[in-house]
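Asks: Residues per chain, in single letters:
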Amino acid sequence: MTVPFLILAAITLAGAVAAMTLRKLVHCALALAVSLVGLAGLYLDLGAQFVGLAQVLVYVGAVVILIVFAILLTRGDEPPSPRVGRAVGGVVISACVFAVLAWAIVSGGAAQGASAASLAPISDIGHAMMSRYILPLEVVGLLLTAALIGAVVIAMEEKRRTK
Amino acid sequence: MTPLTGCLLISALLFAVGLGGALSRRSAILVLIGIELMLNAANLNFIAFWRYGPHPEALTGVIFVIFSIAIAAAEAAVGLALIMAVYRHAKTTDLSRVDSMKG
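Residue numbers (the working numbering), protein chains in the order written: chain A, 1 to 163; chain B, 1 to 103.
No wet-lab data here; the hints were simulated from the structure.
Source: prediction; values computed, not measured.
Even for Gly, the Cβ is constructed at its ideal location relative to N, Cα and C.
It cannot be assumed that every hint is accurate.
Ranges between beta-carbon positions, derived for each pair [claimed, not checked]: (1) A:99 x B:91: 16 to 26 Å; (2) A:132 x B:42: 31 to 41 Å; (3) B:88 x A:4: 24 to 34 Å; (4) B:98 x A:84: 14 to 24 Å; (5) B:57 x A:95: 19 to 29 Å; (6) A:88 x B:88: 24 to 34 Å; (7) B:100 x A:135: 21 to 31 Å; (8) A:142 x B:98: 25 to 35 Å.
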């Protein structure tokens with residue numbers, strides 16, 4: 001638990017809390033970007049460079065931009081008076097889930113080998129993806145293609161019907 | 001507190017924040033943001049177990065997280081397209097007002 005790790009964790013959690021509590025949707029999306037950047041920093045701090053950079057590229061570069069576009073296209077403003085009961089229920093449930101998780105984590109035995117700083121070289125990741133994980137890689141490519149075509153079809157459905 | 005425990009606790013906090021937001025907010029886009037946060041908490045768990053696990057040279061956690069990020073991108077695209085379709089139909093993204101299945 002080094003100091004940079006704690007700072008990055010604080011940024012991540014503060015961004016997440018802001019993303020879930022702020023009123024305006026655009027502010028929420030920007031707070032989500034802050035949280036994801038903090039998480040990418042955590043990945044870098046843990047020695048997974050490729051995952052950290054992919055996190056910045058995919059999440060901050062694509063997903064957050066997509067969310068901002070969706071917010072702007074739907075002109076989404078949450079109604080100003082959320083029901084208090086529902087918010088309290090959600091917070092209570094999430095607090096219970098966190099309590100159970102924290103109890104399990106703290107009471108569980110930490111079976112770890114305390115490995116030295118073993119980074120994952122990107123060339124090793126590339127070799128692994130091109131040799132051992134080649135089939136999942138192809139399946140993910142197929143999934144992304146299908147998801148993109150499906151997203152376009154779903155979003156264009158109304159226009160096709162009016163023709 | 002060992003580093004692994006710290007990572008897991010932070011991940012659990014992130015998951016709880018995402019779950020609380022997904023359950024209590026009313027905008028569909030915010031629910032999707034909460035789901036993304038929960039997914040990222042799971043990714044942090046994978047990286048932590050890979051880093052502090054017994055076989056960090058196996059790269060299993062890193063590969064799994066890379067695939068998970070790719071699938072999360074697909075999920076976000078399809079989810080936002082669904083939100084757009086619902087918005088065109090119901091003229092709102094407020095989940096408490098999208099409650100009719102026909103009409």
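Asks: Now tell me, hint by hint, if it's right for this structure.
Replies: The hints, checked one at a time:
Between residue 99 of chain A and residue 91 of chain B the CB atoms are about 40 Å apart, so this pair departs from the stated range of 16 to 26 Å. At roughly 22 Å, the beta-carbon separation of residue 132 of chain A and residue 42 of chain B lies outside the given 31 to 41 Å, and the hint is violated. Take residue 88 of chain B and residue 4 of chain A: their Cβ atoms lie about 46 Å apart, and the range 24 to 34 Å is violated. Restraint check, residue 98 of chain B to residue 84 of chain A: a C-beta distance of roughly 21 Å satisfies the suggested window 14 to 24 Å.
For residue 57 of chain B and residue 95 of chain A, the hinted distance range of 19 to 29 Å is not satisfied, since their beta carbons lie about 38 Å from each other. Between residue 88 of chain A and residue 88 of chain B the beta carbons are some 33 Å apart, a value that agrees with the proposed interval 24 to 34 Å. Separation of residue 100 of chain B from residue 135 of chain A is about 43 Å and departs from the stated range, judged on CB atoms against 21 to 31 Å. Separated by about 31 Å at the C-beta atoms, residue 142 of chain A and residue 98 of chain B satisfy the suggested range of 25 to 35 Å.
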